[in-house]
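Trainee: Spelled out from the first residue to the last, the chains are:
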Amino acid sequence: MRNPPPYMVLMMSTAPEAAQAPVATNAATAAARAVAAVKEYGRGATSVRAVDGITLELARGRFTAIMGPSGSGKSTLLHCMAGLDRLTEGSTYIGDVELGSLSDKELTLLRRAKVGFIFQTFNLVPTLDALDNIVLPLTIAGRKPDQAALDEVVRITGLGDRLSHRPAELSGGQQQRVAAARALVSRPEIIFADEPTGNLDSRASAELLDFLGHAVTDLGQTIAMVTHDPLAASHADRVVFLADGRVVEEMASPTADGILDVMRHLGG
Amino acid sequence: MVKVGLRSLLTHKLRLLLTTLAIVVGVASVTGTFILTDTINSTFNRIFQDANAGVAVTVQGHQLRGSGDDIGGPAHAPVPRSLLGTVRGVTGVKDAVGILQRNGATFIGSDGKPLGGNGPPTFGTNWVADAELSPFHLREGAAPSSSDDVVIDALTASKHHVVVGQHILIAFLGGAEEQFLVRGIASFGGSDSLGGATFAIFTEATAERVLDGQNMYTRINVSAVSGTADTDLRDRIAATLPSYAEAQTGQQAAAAAEQSTEATISTFIGTPLLVFAFIFLFVGSFLIVNTFNILIAQRTRELALLRVLGATRRQVLASVLLEASLTGLFASGVGVLAGILVASGLTALIGSPAGTTLALQPRSFIIGIVVGTVVTVGATMIPARRATRVPPVAALREALPETQGLPRRRIASGAVVLVLGWIAIGVALSGATGVTLQLLGGGVLAVFIGVALLAPLLVRPLALVLGWPVRRARGAAGLLAGENARRNPRRTALTSAALMIGLALVTSVAVLTASFRASADAAISGALRGDYIVFARGPAFSPQVADALRSDQRLADVSELRVSDILIGSSSQSLVAIDPASENRTLTFETVSGDVGSISQLNTAILDKGEAASSKVHVGDTVTITFPTGPDLRVRVGGIYNTNALASGYIVSLATLAPHVSMQRDFTVLANAAPGVTVADGESALKSDLSHFPLVMAMSRSEYRDFVGTQIDSLLNLVTGLLLLAIIIAVLGIINTLALSVLERTREIGLLRALGMTRGQTRSMVRWESVIIALLGAVLGLVVGVTLGVALVNALYSLGIDHLAIPFGNMLQYAVIAALFGVAAAVFPSIRASRLDVLQAISTE
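Chains F and V, in that order, are what the protein sequence lines are. Position one of the first sequence corresponds to residue 37 (my numbering), numbered consecutively onward. Position one of the second sequence corresponds to residue 3 (my numbering), numbered consecutively onward.
Just so you know, the hints here were simulated from the structure itself, not pulled from any lab data. Check before you lean on any hint, since a few could be wrong.
Claimed, not checked - Listed below are the simulated DMTMM-like cross-link pairs for lysine to aspartate or glutamate, each with C-alpha atoms no more than 20 angstroms apart in a straight line: (1) Lys611/V - Asp804/V; (2) Lys689/V - Asp554/V; (3) Lys141/F - Asp839/V; (4) Lys141/F - Glu750/V; (5) Lys115/V - Glu180/V; (6) Lys161/V - Glu142/V.
Using the sequences and the accompanying hints, generate a full structural model.
Mentor: Pasting the structure below:
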């Protein structure tokens, strides 16, 4: 990949959150962390450990892909790190905030302020047009969108002429770009993307990944993406491989071929 | 396919619960009404049978024409006492007794207030020694023997704790109150009383005096010597009777009483309750259409899959209709059982004697089950037909685009139904046809259906307007609430249309009563010149009331309005007589044509313009008036007067009336304060003069206006109370729609929660959607209701409702209440929405 080193991006970034972020400690440079995270479903003999003691840091301003075969626990890990689900043991952090100790309301407010989401099935609100969908997190928070930031997001997603359309009037690729713009517009601490290209054709996938890449390089956005598509993962700065709920392999500046090798090795 | 229908029913049984409830309420009302009226009728029938058990023949005057149906039998003219001797002389007569029974002998409690309600009559009658010929049987004490003895009915005795040996005051419309000694307590026809009526039973001489018997009997009851058939005896007696009297067997009299009682019960209880039951079912059918519509929309893929697997349209239709039939049957079954509870509750409420058993006829249950099932299946036909149009390919599509806009055909049919409805209402209200009430009901129904069909067109713009303040006040939750209310216009329209029906009916009645009140106010101000008005609820009263006031120096211009039952041709009417000098002093009549002042001439009448128009009588015509007893009167019509608040129909002078009636009865007395006496002093003088006449009410002019207003308002309150149930059914519909919508939007709500929407915001979103739906129903209901009300008011112009008043205060109140109902309806669905597990919601298929 031809991306500049992530710390360079961080230093060049003009994003306010990044500028205010403390840089002194290791913990502070991680946008999100999991420490000895365990997620167990069921009890006793029938219990399943979907996440089995994972410790992972997602560095600020970097694009991390999480890969693994089906049932490797990658989606569960993402949900727990995003504050959508709670761990059985261990802890997860967004910035300095430990999620396990938060009430539902506090978690909700934290997601609202610091987390963005992109889903496989787009998940746009069908009654709202593209623009309203993009600014929805801000509307929910009762904030006015920063017009300049909004213009920039709209510009790089190329949705300028589609803003007044409702989701039903948009193609899959356009819908996912609206979802991506929605995740980005509030400039969250971190964006979690769960199989964002799963429902897109190859061209739309390439456009979306390109856009996510720009968000990281140009805006200093932190992104964590769960995917099983090696091509998609090759857009990331770093790939983390999971199997049976554990981190089994890691790769920096990955290529599609390199990823495929590891995947074959893992039997996925 | 049967299995598919059954499975679907069981899976959705919770969702169908609320729909079922709507049918249960409707069916319970239908069945309950039938059971109630059957029970009342059978109770009365037993009493009439028992009361007439020993009576072979009854002799009465001719049935009063147009006397109307009454509990206890149609009214007959009395017969002279001298007839008793004639009847006794007929061969085969074992015994014959004369019975005098008049309404207007009221027990007065120790607090000076009448015992017994304002509705049921308060009879006075004479004790008949021959137990076989008397409906009364002593339970305690003895028969009346001296002039100040009375026997009272068992109901009054137990209700007001009256015991044998105590003294009791009785007020008579024929005169002032008197004190009596309670000698005994008696049953009537084996029951405590007849309906809620009270009975005061005196010696014959006392009855004749206090009831102003005029040497007449209400009827003569005859028993037969053994071996004589009732019918033979009747024919033999009839042969000896003068032309004004007629003979019936005891069985005929009982049957006539049963028939007229049943007709009265049906008019005043059965029919009104059935109308409300019908309204409940109509509102309920909206719920069914909506619920099945939503369920079928949610099952589109399942239905399409069935089509892919080879199910025919007929099979899909059959599976949906099977589900509807079972739902309808189940709900109707619960409904008829609830109907028994409704009937027993109402029976207790109307004060039936303890131990009354409900008359449970198979007919009540069959009608309930059939009506409930037919309504359910009928209402499901629309969504069921939609289910058959689901193409097989829908199974393969990701999601069906939601229907935008309305097909032209639907708009056209909605408009046609609406216009036809208004035409029907117009024709019905113009009085051009005989079937006016049915036509009016059908027209109103068509208007509701037409508005419901067109309402989806209004949902988007109206929801936008209603949602605007919500958007401003509630941010994202408000924005989404408004959008959700607009996203499926048909669903929202149908949900609010159910609410519209109840509100429209309440509003139209409110317009009607407000107009009625305004008209009454204006009419009273126009007609009543006196400072005071004295009147009785129920029958007219004795001239002693006016005499008592005349002797008081603090009052002036005491003027009575006398009344007499008359026949003009074959129509039974009331003739009013006034003192011509009272014109402009205590009352006034406005001339339309001729000269209203001509009433001061002997044998001259004036007539109100409504009656003049309908009977085609003009100034200068001569009219023959027939009296129950006295000689006929031929009057010249001297003038036509405008509709008046105090009197209607033919009016003559007191002098013209006097030779034709033996019994003088007044229905109103007017008076002024004497010169130099303040209105307040005059009023207290008036009230103390009348303290011995507890049955008459005395009021100042302004008190009277308020009194009439209160009477009118109580009608509104009664109707509103009953229609509240229709509104509550509609609220069930809102709950149902919201609950199903929340379920449908699980993913979306999960997403919003993931994006940082708090539980409070989620609840707020559902709540405001509900409020917008409710307000939509309120706006539609108020508009339709005002239009209907205005149409009704215009149609009733001839009845004296000549002022139109729109009760804006009430309407605002209804809108606020609708909004609050919206908030209440959202409680359960909004909690459900806010408790959705975010992760599950997002990953749900």
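Trainee: When the hints from earlier in the document are held up against this structure, which numbers fail?
Mentor: none
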